[in-house]
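2 protein chains.
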Amino acid sequence: MRPFRDLIPFDRALSVLMENVYEIGEWERVPLEDAAGRVLAEDVIAQIDVPPFDRAAEDGYALIAEDTFGAGQYDPKEFRVIGKINTGEYKDIEVKHGTAVEVATGALIPKGANAVVRVEDTEREGDNLKVYRAVHPGFDIAPRGEDIKSGDTVLRKGEYLTPAKVGAIAALGMPSVKVFRKPQVGILPTGDELVRPGEKITPGKIYDVNSYTLISVVKENGGIPKVYPYVRDTIEDIEAKLDLALENDIVVFSGGSSVGERDLLIDVVSRRGNVLFHGVQIKPGKPTWAAIVDGKLVLGMPGFPTSCLNDAYQFLIPALRKMAHLPARMERVVRAKMARRITSTLGRAQFFTVRLEGDLAYPAYKTSGAITSLANSDGYIIIPATVDLVEKGEEVEVHLWR
Amino acid sequence: MRPFRDLIPFDRALSVLMENVYEIGEWERVPLEDAAGRVLAEDVIAQIDVPPFDRAAEDGYALIAEDTFGAGQYDPKEFRVIGKINTGEYKDIEVKHGTAVEVATGALIPKGANAVVRVEDTEREGDNLKVYRAVHPGFDIAPRGEDIKSGDTVLRKGEYLTPAKVGAIAALGMPSVKVFRKPQVGILPTGDELVRPGEKITPGKIYDVNSYTLISVVKENGGIPKVYPYVRDTIEDIEAKLDLALENDIVVFSGGSSVGERDLLIDVVSRRGNVLFHGVQIKPGKPTWAAIVDGKLVLGMPGFPTSCLNDAYQFLIPALRKMAHLPARMERVVRAKMARRITSTLGRAQFFTVRLEGDLAYPAYKTSGAITSLANSDGYIIIPATVDLVEKGEEVEVHLWR
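Line by line, the protein sequences are chains L and P. Residue numbers are given in my numbering: position 221 of the first sequence equals residue 912, and the series is strictly consecutive. Residue numbers are given in my numbering: position 249 of the second sequence equals residue 940, and the series is strictly consecutive.
Hints listed in this document are in silico derivations from the structure and should not be mistaken for laboratory results. Keep in mind that this is a model prediction, so the values were computed, not measured. It is possible that some hints are incorrect.
Heads up, the list lumps identical chains together, so a pair's fine if it works in one copy or across two of them.
Derived lysine to aspartate or glutamate pairs resembling DMTMM-like cross-links, with alpha carbons at most 25 Å apart [unchecked claim]:
no., residue 1, residue 2
1, Lys821, Asp697
2, Lys782, Asp924
3, Lys821, Asp1079
4, Lys1057, Glu1082
5, Lys848, Glu911
6, Lys987, Glu927
7, Lys775, Asp958
8, Lys848, Asp954
9, Lys787, Asp734
Please build the complete structure, drawing on both the sequences and the hints.
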């Protein structure tokens, strides 16, 4: 048996990994309808003013502000209405002293006018308009470029596109935008025991879980998953499948890294590239490894579903999101009290899954082989490598899955 | 001018709205690859045991535990190795007293064996095996059904599918699962001034923003958006487009509800259905209305981009997520100090957008017509209807957009 020669602390493993993750440089153009949740690969510079013309901020009458000076509730000023401009309409009318043009909210302010009096401050009979309030120049006009000026850098390369930012791009009249392409993640489930859900299972075989948890994690974190046919436990098949999967930005092996077969995978990967680490002081996930092969990040995760998925949260998600230029995964942490005493392994940080009931955290962890350790949990607590016991009633921080 | 007759408080508007939102009953079947983020429309009941057979939990030798009793570091017990079972393999071997079968982690435990000794506790020469450690029955065996038993209800209708839960379904061998169908949201941008991004703009026209912010919000919150051609400001067109859009689960009008045209929309909707509220004590968003027409929820939002998007966060998202059986939107709230003094309108709760720099919150709000009020903000503070001033340095809670 070959020991894990260099079991490294979790923090060290993560920082070595992240130092070796490059950010995707290539971009693609997406229509605005699909832009939310993506990351800008260009500065967005306004080519127009927003609003593109002086607009009425309220329903009312566009006129010359100076003509209203001195108006009051008992002392109206009189105007002649010379036309009406609806929202969206263009009319070549000019306002002169003593005249006014009816305007709807958002309508173009006609030439000559420099203010809007609101409809509730007026009284109209036919074309005669009484204005009961004085307004200053600019009143209730949203001037051209008030929001955005042509030439302004409205959004910057690297910004995450929220619905509001998508709206800002729409306001500029751009129907599409350059975003970084999504990283592709090649998933290589390893093991002669795996059977696809929906197929018949025979003695000795189990259903493949990791492909589906990894697909889900990759999609939720801005990547495109691609699952390859199951890797058989032979050097030839490992090499052939690795070669195939190197068309992706990240390659993830799951399984085949327990003691028995670990040597095959690590031997192939060591020969083909540079192993960053092999063996991490965490539970579950001790046999985890990472390597760079042909410039691509290759991760080796245990086959046990809970170990594999925990590895995905601890290593794959940070790497994938960095590559995709995405902000770190939003994680909610709540405080709770342990409902029972739990023991841990000294020397390995343990990610221990718990179920919450009120402010009590119940152990959800069964074994690293048990998918229900995760499926029935609300989150996990981290028990440091130097701690072997968490007392009943002790306060813990629960990292929620969502 | 017709006043808003019944301006109601925000909390009241929201609760009236939510009481009138039904949860989608129809389901669809999706492959597991697409199941994460969806909501189960059926209980998931195990049809098999997981694991489906007794498995080796470690690499080692399957044998009869009782044969190892008395073994120790200086006093090995001897066995004859009668075969090997690899992971994924089925072999019809039977272990009898004094014999052992080599097994890999995850391999089938052969008939007769009731324990596994780890490879590191053994020494082998040819078919002769020395075992240096006594193990009890069941040691390092993951028994059939340890994780999930056939007949167990593993997940329940209404559960939100995380990657772990998708994994649990995979473990049961199910290639697809029933989930609630996504609600469809018909989007009806209203106004003669609207032009689609990418088309030429002429004086008096502006680019349509709300379609794109609403599409983004709907997609991010489990709905399917469908945008209809722009609604013109005529009763005939409003009726025609409303009829079209009632094929959806929710209909959202944006624009056309400012004083000038509001009557048209509200008149049509009042005639066709039941108005839940019209006018809310919030800023922005005062002219917001909600109605039930032909059993469908119809929302009326202001045309100003910031008002419309704020309405989407305050009204549409809660309604849509409830309809989709999704848990409430995860919102992060951080504490900050106001960097400047801001004033608000008494009698209306204000959603005031801010930009964070360290622990200081700077006003991002310009006008409700300004898309940059939102696009350049990190979140918003809620200034209650009874407060007209937030002092510089005052502590506020910032609701982050993400």
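Task: List of violated hint numbers, smallest to largest - done: 1, 3, 8, 9
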